[in-house]
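One-letter residues, chain by chain:
There are 2 protein chains.
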Amino acid sequence: MSGVGDVTNSGGGSAARRAGKPTLAVVGATGAVGTVMLGILSERADVWGEIRLIASPRSAGRKLTVRGEQVEVVALSEEAFEGVDVAMFDVPDEVSAQWAPIAASKGAVAVDNSGAFRMDPNVPLVVPEVNAHAARVRPRGIISNPNCTTLSMIVAMGALHAEFGLSELIVSSYQAVSGAGKEGVDTLREQLVKVAGTELGTQPGDVRRAVGDTGPFPGPMALNVVPFAGSLKEDGWTSEELKVRNESRKILGLPGLRVTATCVRVPVITTHSLTVHARFENEVTVAAAHEILASAPGVVLCDNPAKGEFPTPADVVGTDPTWVGRVRRSMDDPNALELFVCGDNLRKGAALNTAQIAEVVAAELTGVA
Amino acid sequence: MSGVGDVTNSGGGSAARRAGKPTLAVVGATGAVGTVMLGILSERADVWGEIRLIASPRSAGRKLTVRGEQVEVVALSEEAFEGVDVAMFDVPDEVSAQWAPIAASKGAVAVDNSGAFRMDPNVPLVVPEVNAHAARVRPRGIISNPNCTTLSMIVAMGALHAEFGLSELIVSSYQAVSGAGKEGVDTLREQLVKVAGTELGTQPGDVRRAVGDTGPFPGPMALNVVPFAGSLKEDGWTSEELKVRNESRKILGLPGLRVTATCVRVPVITTHSLTVHARFENEVTVAAAHEILASAPGVVLCDNPAKGEFPTPADVVGTDPTWVGRVRRSMDDPNALELFVCGDNLRKGAALNTAQIAEVVAAELTGVA
Numbered sequence: 001m002s003g004v005g006d007v008t009n010s011g012g013g014s015a016a017r018r019a020g021k022p023t024l025a026v027v028g029a030t031g032a033v034g035t036v037m038l039g040i041l042s043e044r045a046d047v048w049g050e051i052r053l054i055a056s057p058r059s060a061g062r063k064l065t066v067r068g069e070q071v072e073v074v075a076l077s078e079e080a081f082e083g084v085d086v087a088m089f090d091v092p093d094e095v096s097a098q099w100a101p102i103a104a105s106k107g108a109v110a111v112d113n114s115g116a117f118r119m120d121p122n123v124p125l126v127v128p129e130v131n132a133h134a135a136r137v138r139p140r141g142i143i144s145n146p147n148c149t150t151l152s153m154i155v156a157m158g159a160l161h162a163e164f165g166l167s168e169l170i171v172s173s174y175q176a177v178s179g180a181g182k183e184g185v186d187t188l189r190e191q192l193v194k195v196a197g198t199e200l201g202t203q204p205g206d207v208r209r210a211v212g213d214t215g216p217f218p219g220p221m222a223l224n225v226v227p228f229a230g231s232l233k234e235d236g237w238t239s240e241e242l243k244v245r246n247e248s249r250k251i252l253g254l255p256g257l258r259v260t261a262t263c264v265r266v267p268v269i270t271t272h273s274l275t276v277h278a279r280f281e282n283e284v285t286v287a288a289a290h291e292i293l294a295s296a297p298g299v300v301l302c303d304n305p306a307k308g309e310f311p312t313p314a315d316v317v318g319t320d321p322t323w324v325g326r327v328r329r330s331m332d333d334p335n336a337l338e339l340f341v342c343g344d345n346l347r348k349g350a351a352l353n354t355a356q357i358a359e360v361v362a363a364e365l366t367g368v369a
Numbered sequence: 001m002s003g004v005g006d007v008t009n010s011g012g013g014s015a016a017r018r019a020g021k022p023t024l025a026v027v028g029a030t031g032a033v034g035t036v037m038l039g040i041l042s043e044r045a046d047v048w049g050e051i052r053l054i055a056s057p058r059s060a061g062r063k064l065t066v067r068g069e070q071v072e073v074v075a076l077s078e079e080a081f082e083g084v085d086v087a088m089f090d091v092p093d094e095v096s097a098q099w100a101p102i103a104a105s106k107g108a109v110a111v112d113n114s115g116a117f118r119m120d121p122n123v124p125l126v127v128p129e130v131n132a133h134a135a136r137v138r139p140r141g142i143i144s145n146p147n148c149t150t151l152s153m154i155v156a157m158g159a160l161h162a163e164f165g166l167s168e169l170i171v172s173s174y175q176a177v178s179g180a181g182k183e184g185v186d187t188l189r190e191q192l193v194k195v196a197g198t199e200l201g202t203q204p205g206d207v208r209r210a211v212g213d214t215g216p217f218p219g220p221m222a223l224n225v226v227p228f229a230g231s232l233k234e235d236g237w238t239s240e241e242l243k244v245r246n247e248s249r250k251i252l253g254l255p256g257l258r259v260t261a262t263c264v265r266v267p268v269i270t271t272h273s274l275t276v277h278a279r280f281e282n283e284v285t286v287a288a289a290h291e292i293l294a295s296a297p298g299v300v301l302c303d304n305p306a307k308g309e310f311p312t313p314a315d316v317v318g319t320d321p322t323w324v325g326r327v328r329r330s331m332d333d334p335n336a337l338e339l340f341v342c343g344d345n346l347r348k349g350a351a352l353n354t355a356q357i358a359e360v361v362a363a364e365l366t367g368v369a
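As you go down the protein sequences, you meet chains A and B in turn.
Counting in UniProt numbering, the first sequence runs from 1 upward without gaps.
Counting in UniProt numbering, the second sequence runs from 1 upward without gaps.
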């Protein structure tokens with residue numbers, strides 16, 4: 001365990017209270033997910049000694065608030081990882097690819113929210129409610145955090161899998177624009193200003209002409225949905241769709257699981273929704289699924305459509321759990337369920353799960369686990 | 001064949017040109033679909049003699065334009081159907097349930113776009129590109145037009161079925177607000193004005209509080225998606241989801257087809273989109289599917305994501321065909337395809353298909369077919 005007092009720009013605060021606790025670095029502290037992360041670190045049980053904020057050199061010197069204290073951001077460098085026990089990375093793939101191994105070489109456990117290491121067989125891909133045990137085996141000193149779309153459903157799927165044995169997932173997403181970062185949010189907000197108060201949306205191309213620049217998206221996001229997220233990969237699949245498939249298999253420990261996803265972007269700021277057709281090895285009932293989901297950690301069952309109760313992004317945004325509603329048993333298949341699932345893509349879909357993984361490591365390092 | 005000159009308020013226009021042609025009545029001419037219908041009747045090959053416009057008594061006397069001529073709306077009554085050969089109904093279920101049989105008893109073929117008769121075994125449910133032959137057998141003198149969500153995909157599915165033999169459909173919808181009529185459109189437009197230019201959409205319930213009244217929807221439509229359309233039926237299914245199942249089976253003539261739908265409303269004015277997992281009896285390839293879809297009547301293949309080509313509602317709205325893109329073969333199943341399909345829910349999804357059915361009947365009545 002590293003000391004606290006020997007680092008400048010520290011967020012150590014009350015040294016006595018934090019003595020003996022591990023040091024956390026947040027790399028990418030000034031980004032969209034980093035900002036949510038600082039809020040989450042301020043809300044959760046305080047397991048950390050120092051919290052060091054790291055960002056690109058151009059952000060160095062800025063002061064950000066975490067745990068109610070001002071902490072100065074330091075520039076990303078090898079030295080910035082001195083004495084760090086756990087380093088969270090919320091940065092682009094190529095930055096993680098370069099710097100997470102450096103953090104690991106300095107003795108930190110890197111918890112990475114990029115796509116750089118997720119499918120590396122020597123890097124565990126962890127969702128604490130589903131496979132916390134996997135975090136202990138990390139040959140490269142790196143643990144990956146899953147993609148936000150996978151994370152928006154996997155806690156609920158893991159709970160159902162534990163009971164019924166999952167054999168197939170067919171998923172369609174309704175993904176929020178914040179999955180494309182601040183630029184995605186700004187683009188939708190600007191487009192909404194252009195279409196609000198108009199009669200647009202009834203003639204071919206009228207919305208496209210009115211919004212002009214589509215920003216990071218391959219089509220207008222206001223008054224539209226766009227069936228493409230990420231980049232184009234083999235056989236017409238997008239990177240986002242392949243992530244849902246490959247990551248779900250790895251997290252659940254089911255390398256042969258049948259998984260098909262079609263990812264569609266919708267004009268929602270934050271919170272991904274998914275329709276899920278989940279097939280199991282054993283017969284299912286709605287009552288049994290309800291019981292499992294109602295008691296699963298990290299899941300909220302919201303399923304009483306007679307009273308208008310089902311999850312929607314507008315209600316789920318800003319909350320931590322995976323929300324599940326519209327649970328039905330497939331009429332043609334007693335082994336399959338249909339569900340509608342919502343999860344905040346910046347919280348459980350990114351910052352929260354990263355924080356949870358870091359806490360699992362902290363507990364291990366301090367002998368609590 | 002009825003004459004033209006014996007009806008007042010007629011839209012007969014040039015009597016000589018229209019002599020011998022069948023008389024059409026449009027019931028519900030002043031509604032959302034009726035308005036689109038008048039435009040479609042003005043664009044298509046002119047197979048009609050008189051076009052009579054019928055609506056509720058409070059709309060009687062209004063003048064509407066069809067085929068470039070002003071036609072006075074007459075009030076719905078038994079007499080209004082005198083001399084009518086084909087009567088289209090774009091009215092609520094209960095109005096159709098009462099009046100379509102009256103029109104039929106007066107000798108008209110009723111083409112009904114409500115849900116009143118769709119599952120009646122004595123009423124054919126017709127999509128001309130798929131099952132035009134079914135229109136000839138109509139023991140009650142009524143032909144039903146399918147629900148807009150079913151119609152948004154069924155032409156493409158019918159073409160693929162003819163080649164590969166369909167065995168299962170798993171569908172998720174991205175349904176436009178105009179499916180809930182003018183009130184639906186007005187509600188979304190009003191909500192967009194309330195959220196545009198704000199920072200809403202990041203805190204639980206902030207959009208819900210800002211938009212207030214949710215109109216005909218069970219949740220906010222701006223910056224949100226709502227996994228509920230229609231009314232609640234047995235076992236947690238909605239009426240809309242059951243329609244997709246039951247109507248697809250009837251149109252395709254496959255009473256045992258496995259069909260599962262989850263219907264979700266999205267903030268789009270007009271044009272429904274669907275993700276479709278389609279399983280077939282025979283092995284499929286993307287190349288063969290492309291070939292079929294590219295040559296299928298009423299279908300546009302738009303599938304080159306490397307060039308940013310895939311259908312979106314903003315581009316499809318106001319057009320007639322079913323647009324298909326993102327065609328992929330399921331990685332786990334050589335017999336299954338994944339597709340993204342868009343169709344204008346007011347045109348092919350309602351008015352256009354009704355007009356096409358009426359034209360099939362007109363051709364039969366005039367001996368052209």
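One thing to keep in mind: the hints can contain errors.
One copy or two, it doesn't matter: identical chains are merged, so the pair holds either way.
[Stated by the list, open to error] Below, a list of computed lysine to aspartate or glutamate pairs in the DMTMM-like style, where the Cα atoms sit at most 25 Å apart: (1) Lys-194 with Asp-213; (2) Lys-63 with Glu-281; (3) Lys-182 with Glu-199; (4) Lys-106 with Glu-82.
Source of the hints: derived by calculation from the structure; they are not laboratory data.
>> Are any of the numbered hints broken by this structure? If so, which, sorted upward?
In response: Number 2 only.
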